[in-house]
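Read top to bottom, the protein sequences are chains F and E. Residue numbering for the first sequence follows this note's numbering, beginning at 1 and increasing consecutively. Residue numbering for the second sequence follows this note's numbering, beginning at 213 and increasing consecutively.
Worth flagging that the hints you see were computed from the coordinates, not collected in a lab. Incorrect hints may appear among the rest.
What the hints assert, rightly or not - Label-pair restraints from in silico Cβ distances:
id, chain 1, residue 1, chain 2, residue 2, range
1, E, Asn278, F, Gly195, 38 to 46 Å
2, E, Tyr289, F, Glu204, 44 to 52 Å
3, F, Lys118, E, Met431, 52 to 60 Å
As the list claims (entries may be wrong) - Covered by chain F, per the in silico footprint, the following chain E stretches (three or more residues, Cβ under 8 Å):
id, segment
4, 434–441
5, 555–567
6, 611–617
7, 659–670
8, 700–707
Beta carbons are placed, not taken as given, at the ideal position from N, Cα and C, and that holds for glycine.
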Amino acid sequence: MHKSAAQETQNQSPNAPANQGMTRRNLLIGIMASVGVATTVGCVENFDKSLASLELEKNSHPDNLRFYTANEYELLSILTSLIIPDTDTPGALAIGAPKMMDTLHADWASTESKEKQKIAISEIKQSLDKLAGQNFLTAPSKIQLSSLTELDSQAFSGKKNKAWGYRSVKSLIARFYYSSEVGATQELRYELVPGRWEACIPFEKVGRTWAA
Amino acid sequence: MTEYDAIVVGSGMSGGWSAKELAEQGLKVLVLERGGPIEPSKDYADFVTPWERPNLDQIPEDEVKNDYPIQYRAVRYAMRDSTKHFWVKDSEHPYVTPKDKPYDWIRGYHTGGRSLLWGRQSYRLGPQDFEANIKDGHGTDWPIRYDDLKPWYEYVEKFAGIAGSNEGLEQLPDSIFQPPFEMTCVEKEFKKNLEESFPTRKVIHARVAHLTKPTEEQMSLGRGPCQVRNHCNRGCSFGAYFSSNSATLPAALKTGNCTIVNNAIVHSLEYDEVKKRVSGVKVIDAQSKEVKTYTARFVFLNASSIATAMILLQSKSASFPNGLANSSDQVGRNLMDHVSAAAASGEFEGFDDQYYYGRRPGGVYIPRYANITEQDKPYLRGFGYQGGGKRIGWTGNRPGIGEDFKQANRKPGNWQVGLYAFGEVLPNPENRVTLDKTKKDKWGLPLANINCVMGENEKIMMREAQKDAYEMLKAAGAVNINRGPDTELTLSLPGNRIHEMGTARMGRDPKTSVLNEWCQAHDVPNLFITDGACMPSGGCQNPSLTYMALSARAAHHAVKLFKKGEI
Chain F
1 MHKSAAQETQ
11 NQSPNAPANQ
21 GMTRRNLLIG
31 IMASVGVATT
41 VGCVENFDKS
51 LASLELEKNS
61 HPDNLRFYTA
71 NEYELLSILT
81 SLIIPDTDTP
91 GALAIGAPKM
101 MDTLHADWAS
111 TESKEKQKIA
121 ISEIKQSLDK
131 LAGQNFLTAP
141 SKIQLSSLTE
151 LDSQAFSGKK
161 NKAWGYRSVK
171 SLIARFYYSS
181 EVGATQELRY
191 ELVPGRWEAC
201 IPFEKVGRTW
211 AA
Chain E
213 MTEYDAIVVG
223 SGMSGGWSAK
233 ELAEQGLKVL
243 VLERGGPIEP
253 SKDYADFVTP
263 WERPNLDQIP
273 EDEVKNDYPI
283 QYRAVRYAMR
293 DSTKHFWVKD
303 SEHPYVTPKD
313 KPYDWIRGYH
323 TGGRSLLWGR
333 QSYRLGPQDF
343 EANIKDGHGT
353 DWPIRYDDLK
363 PWYEYVEKFA
373 GIAGSNEGLE
383 QLPDSIFQPP
393 FEMTCVEKEF
403 KKNLEESFPT
413 RKVIHARVAH
423 LTKPTEEQMS
433 LGRGPCQVRN
443 HCNRGCSFGA
453 YFSSNSATLP
463 AALKTGNCTI
473 VNNAIVHSLE
483 YDEVKKRVSG
493 VKVIDAQSKE
503 VKTYTARFVF
513 LNASSIATAM
523 ILLQSKSASF
533 PNGLANSSDQ
543 VGRNLMDHVS
553 AAAASGEFEG
563 FDDQYYYGRR
573 PGGVYIPRYA
583 NITEQDKPYL
593 RGFGYQGGGK
603 RIGWTGNRPG
613 IGEDFKQANR
623 KPGNWQVGLY
633 AFGEVLPNPE
643 NRVTLDKTKK
653 DKWGLPLANI
663 NCVMGENEKI
673 MMREAQKDAY
683 EMLKAAGAVN
693 INRGPDTELT
703 LSLPGNRIHE
713 MGTARMGRDP
723 KTSVLNEWCQ
733 AHDVPNLFIT
743 DGACMPSGGC
753 QNPSLTYMAL
763 SARAAHHAVK
773 LFKKGEI
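Generate the whole structure from the sequences, applying the supplied hints.
Below you can see the structure in the form of structure tokens.
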């Protein structure tokens with residue numbers, strides 16, 4: 001599923017260095033690819049046009065988003081790209097995690113879960129805006145990174161009572177990522193048919209965590 | 213003239229065996245299965261990778277709420293969008309319980325029944341299990357002893373294929389084994405430390421119905437060795453774990469003597485007052501609702517404990533106004549399961565450079581020691597622990613973002629050993645299923661009304677099992693044990709272990725039991741019941757292997773009687 005988007009972005013994923021955030025331009029390319037907006041990095045000459053059309057879609061609920069608003073989707077895309085970035089393997093945005101989450105909430109979630117997800121996203125946005133001291137979405141990538149780093153640290157230090165929203169979104173991003181072909185087979189290890197059981201072998205022989 | 217020599221009601225764990233044994237001995241056999249057929253190429257989802265199904269292969273939440281609220285509550289680990297067709301829709305198959313006594317009736321209606329879905333843990337009962345009722349007075353005495361069943365365990369194990377190790381334990385006799393799945397290094401450490409600290413306890417390989425060294429006979433049925441995928445609840449295209457679908461039904465069909473009719477919901481058994489025999493099986497077609505009666509010289513009920521009791525209770529006649537073969541009033545009573553609640557896991561240090569390859573379908577087992585090698589327990593009978601040791605995998609629930617987060621998940625987490633108790637539930641005649649007086653299903657059949665609770669012995673046993681689990685982990689060197697010795701426990705709901713038993717028990721006295729030592733109804737000589745209903749007590753071992761042995765044994769006896777013209 002979502003193979004075309006994932007493959008496309010895998011090959012052409014923005015070269016944002018890990019942990020340094022990504023430029024808004026690259027992020028937008030990633031978002032557009034993951035929602036199926038026809039774009040390639042090779043079409044940079046069309047970038048401004050694409051950007052404009054994305055901005056337009058933002059205001060008119062793009063048809064190819066089925067659950068999130070364009071703003072929510074952008075936030076989720078930034079979170080995704082910062083939490084599990086491209087490194088020596090593609091990251092969670094490249095595999096289309098935000099789009100998968102959009103489909104999940106459109107097709108799988110109950111009304112209650114849909115509402116909870118909206119609240120979670122909204123609370124994350126508020127927290128990040130506060131930490132950034134400005135609109136997180138338009139903040140410089142450095143500020144985005146430092147704000148999210150702080151939010152994550154608060155969420156796991158037990159100081160934040162609203163951490164459930166962030167932690168559940170983070171967990172979901174991880175689930176989609178490590179269940180994806182890239183996450184399971186490139187980032188981690190997966191064998192559909194192991195064929196044999198070896199009870200105790202040096203870790204190096206596997207080298208990474210089993211995805212399943 | 214009857215249409216068939218024998219009718220087997222149900223195609224699951226025990227029905228598959230009844231059909232195979234009867235057909236292989238030359239009898240014309242009809243298997244009635246209330247669910248639809250299973251086509252492995254279409255129905256099995258064992259080649260689905262994690263990324264090939266949308267929404268993480270989860271069933272939409274509204275669908276769970278509307279159609280599977282009970283099934284999903286009990287077996288969510290096995291229920292995916294790609295496997296939900298293996299489980300009944302609660303919305304289509306309701307039953308009734310008192311408000312304060314919930315019961316989990318967890319099942320699948322299709323060829324093979326729950327043999328396609330079972331946990332595959334396979335343990336013989338031991339001598340003590342056949343003597344427990346007579347010794348402590350709960351339930352009635354088994355009409356057979358371990359030695360009566362031993363050759364039949366051997367018989368079914370050779371065919372089914374059980375991976376395990378010879379241990380020479382009296383309370384948990386060895387099966388005919390194929391090689392076990394080796395223990396992980398941490399399980400070996402756990403075993404060594406635990407057995408040093410508790411000389412009366414043992415840690416052994418889980419015994420599982422998986423082929424690790426298939427025989428010619430098994431391969432001739434199209435079965436192959438286990439591929440160590442641990443996707444068993446999606447079906448197995450390799451036929452590597454035992455199921456009716458992979459083993460007994462193909463063997464039965466190969467004889468040319470066996471016919472399976474799907475979508476055949478048994479309404480009742482018809483009774484001939486003159487011949488004092490069952491004369492036919494009345495069925496409703498699940499789809500067309502057409503009613504039809506099949507006739508045979510004798511009948512095996514293998515519909516599973518609750519359904520078997522329901523069929524008997526529905527089969528009313530002048531001689532049996534309270535249900536067929538129910539002169540004892542024991543039909544539907546003594547409903548048992550196993551009980552769980554006690555569980556703990558702890559981490560083991562010092563093995564971080566070790567890992568494993570493959571997804572093993574089973575771990576370790578701690579056989580019952582209570583009231584066997586250790587006495588003076590504040591409860592009767594005992595429990596065994598299933599368990600295993602493996603490394604914790606990736607998680608999104610950890611601090612950190614970016615490359616650090618990815619790096620952290622690349623390394624597996626700590627080694628962890630978990631223990632999970634399965635305890636015996638005492639037979640109690642008040643735990644029972646009856647026909648609901650007013651409510652009916654969409655085929656016009658009365659709903660099951662299940663009234664069943666766990667008892668005081670079960671509570672005390674689990675409380676003690678929790679203490680033991682903690683102490684054993686601690687003594688074996690575990691750290692960060694997740695549940696302490698005094699953890700407040702909520703007992704598993706009756707039915708939740710999916711080992712329902714006892715609703716037509718065997719016994720020596722027709723006044724207090726439904727079946728004789730051959731699982732033959734005291735009241736009706738051409739009626740046999742070899743599913744869980746026949747069990748006078750449940751032991752603490754997973755029961756399927758015993759159903760297999762009892763079915764094969766009863767089928768051979770029935771053929772003898774059939775050939776002599778006695779049934």
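Tyrosine 289/E versus glutamate 204/F beta-carbon gap, inside 44 to 52 Å or not
Since the Cβ atoms of tyrosine 289/E and glutamate 204/F sit about 31 Å apart, the hinted range of 44 to 52 Å is violated.
Note whether the CB distance of lysine 118/F and methionine 431/E lies within 52 to 60 Å or breaks it.
With a Cβ separation near 56 Å, lysine 118/F and methionine 431/E satisfy 52 to 60 Å, so the hint holds.
Under 8 Å between beta-carbons, do enough residues of the segment 700–707 of chain E, three at least, approach chain F for the coverage claim to hold?
violated (count 0)
Coverage claim, chain F over the segment 434–441 of chain E, checked by counting residues with Cβ within 8 Å (three needed):
Coverage by chain F holds for the segment 434–441 of chain E (3 residues, Cβ < 8 Å).
Closer than 8 Å, Cβ to Cβ, for at least three residues: run that test on the segment 659–670 of chain E against chain F and report holds or violated.
violated (count 0)
Using the C-beta atoms of asparagine 278/E and glycine 195/F, is the stated range 38 to 46 Å upheld?
40 Å, holds
Verify the coverage statement for the segment 555–567 of chain E against chain F, using a C-beta to C-beta distance below 8 Å and requiring 3 or more qualifying residues.
holds (count 4)
How does the coverage statement for the segment 611–617 of chain E fare against chain F, requiring three or more residues with Cβ below 8 Å from a Cβ of that chain?
holds (count 7)
The structure fails to meet hints 2, 7, 8 from the earlier list, while all remaining hints are met.
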